[in-house]
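Protein sequence lines, in the order shown, are assigned to chains A and B.
Sequential numbering of the first sequence, starting at 1, is according to UniProt numbering.
Sequential numbering of the second sequence, starting at 1, is according to UniProt numbering.
Warning: the hint list may mix true and false statements.
[Claimed, not checked] Straight-line Cα separation of at most 20 angstroms, EDC-like style, residue types lysine to aspartate or glutamate; simulated pairs: (1) B:180 to B:115; (2) A:94 to B:242; (3) A:61 to B:48; (4) A:94 to B:42; (5) B:37 to B:48; (6) A:61 to B:279; (7) A:94 to A:217; (8) A:228 to A:209; (9) A:228 to A:246; (10) A:228 to B:303; (11) A:61 to B:286; (12) B:37 to A:246.
[Unchecked claim] A few chain B residues facing chain A, derived, Cβ under 7 angstroms: (13) 39; (14) 40; (15) 44; (16) 47; (17) 421; (18) 424.
Simulated from the structure, these hints should not be mistaken for lab results.
Everything numeric in this text was worked out from a predicted model, so none of it was measured.
Positions of the beta carbon are idealized from the N, C-alpha and C atoms, including for glycine.
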Amino acid sequence: MTVTTQRLFRAEDTPFALSHLDALEAESVHIFREVAGEFERPVILFSGGKDSIVMLHLALKAFAPAPVPFALLHVDTGHNFPEVLAYRDRAVAKHNLRLHVAAVQDYIDRGVLRERPDGLRNPLQTVPLLDGIEAGKFDAVFGGGRRDEEKARAKERVFSLRDEFGAWDPRRQRPELWSLYNGRHAAGEHVRVFPLSNWTELDVWQYIEREGIELPEIYYAHRREVFKRDGMWLTAGEWGGPKATEPVETRQVRYRTVGDMSCTGAVDSDADTIEAVITEIAASRLTERGATRADDKMSEAAMEDRKREGYF
Amino acid sequence: MSTTEEATATSLLRFATAGSVDDGKSTLVGRLLHDSKSVLADQLEAVEHASRRRGQQAPDLALLTDGLRAEREQGITIDVAYRYFATARRRFILADTPGHVQYTRNMVTGASTAELAVVLVDARNGVVEQTRRHAAVAALLRVPHVVLAVNKMDLVDYAEPVFAAIAAEFTAYAASLGVKDVVAVPISALAGDNVVEPSAHMDWYGGPTLLEHLETVPVGTDPSAEPARFPVQYVIRPQSEEHHDYRGYAGQLASGVLRVGDAVTVLPSGHTSTVAAIDALGVPTELAWAPQSVTVRLADDIDISRGDLIAAAPLPVPTKDIEATVCHLSERPLHVGAKVLLKHTTRTVRALVKEISYRIDIDSLEQRSGAEGLNVNDIGHVVLRTAEPLALDDYTENRRTGSFILIDPSDGTTLTAGMAGEAFDTVSTTDASHEEDWV
């Protein structure tokens, strides 16, 4: 029992300490550069949500003063928030990026995909995503997924090999040691890369604050017409809500995640500044997905099942 | 720094847990998450719901951590999972590794990035074979801090002599393996004693609770005490009007400090130069230290590409003959004569398995013949020949520049985790003839 009294270690104790945000940033930048060094055609999945916005910000820093050597790929469900699409287009123009769009609506129009009876389009994203990856011949696909989001994701690697069907097999994952990422893949396979694996929701928000990153305004409290479905406040709109039995109210709300309008709920909130958002999240008793995502609630293994099919 | 960050700026501790099947590891992890208020209402509700559906009376905290369908069905953990929680003092990344005998490789994986390992024992059983194995893996991977959590103290009447005997035996064993810092904590994960809250049942214990120790153990090393190692990941050449002649070497410092003006050597070529500028993600700076990701510019125009190492003295000697301790990770055995790929920092080269010197019995630490090759979860010592010279440090000196992986060139499978040099300080088989090959 060598129980020595340990002194509290604080950042000020050494000039060489890194805060947790600095450590996470350094790790994520390392991941971006590994992909740039090892792959032919990487692409960043960009939804206009806060995680993909942070990813893009990290990629910009990783290669400065040169431009980001990756294109963006957006899987457009057709039920996007207009503010988010506008943000996406501004970001693409500002950083002179190339944007590929894979649109769920095209697949529905062509009869390849059928609208679900519940109107959810998130589960329909997988086919356009995989087609988009194939059409672009992308061999590395960055996603903003974080391991803290969901328990199936807690098992996800930073470099995650997908077979020619885009499928994830948790039993056949490559062990990942130190910071030695294995990007080997055969033609037709691709690697999903998660540079934010070790970030939590709070880390993302603190980083957004520290770096002064602009977000789509729907992340901050604003007044909006919403209606209640399955316990969540959904935005009324052309995507198919509300039904006659679902009265519309104007409420002060904000979004914790940004996805398809049909399954992303708003939360009641007065947090209209970044400081207020961080305070609110730190005090919240609900996870990000528990509060706002309908599609994860479908079954105990909903995320695992969708990931096996090729979803992020 | 922004105001919110200033109020919450904290360090980051990466740690791993290891424990045998019934030692209560899932309960401990559940307790740490739950009592540090990192389990949120909807997650707990999901666990309660699932527990009820299985006919269990109380919520099964293990369901918080067993994420895969097969794990829930079998009631076991089959793969490393990463958990995140935070206190006011520190952020934690927990590599939650399964304790089964057949999952040695998972503990190796979890321990590779950990600065601290929690080894769990059942107070009723004391130090068992599994405990010794976990200590050996932590020592092998050079995890700087080890915590022995003596669990189920409630089942031995919270008796001090039981704890003292186990702690003494474990500490002596870990010390013999070269582990420098061992702390033992008597706990009951089920009842919550000494995990987050101090126990009311063990007045005789004067040390910290497990969480308190995790919050206060010093993390990281002093970069100024280590030689600079900067593996080049990517060459940044904007070729724009504004940055016409810019040629920067992007990478993450594996160890040490780099300052503008420092003399450096590029390996394996051996060219020397001076650090002309350092850009910290777009912002010029005078110095950088591990593990920062930066971009370095040199005073001289030297041919440098991905895979090269910019280093300050003392320098590693590039070699094509590598002796290493390895843990085999793949179901596909590793045999003498195998042609593989070796990834070391940012460099991937072809390599040949020349010799499997011995296997290590991880329970007794005895050396066994390696003639039949290495099977999954085997730990052994190998001699490799590479197609190009590599600038490796000894793993005991540098976990980042001393480590590598072997990859099957046919399908990209990660085969083996490697650590340059001998496994344990106490195990010596140094053959003088190999020493000469290093020069």
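>> To test your reading of the hints: which numbers does this structure violate?
In response: 3, 4, 8, 10, 12, 13, 15, 16, 17 and 18
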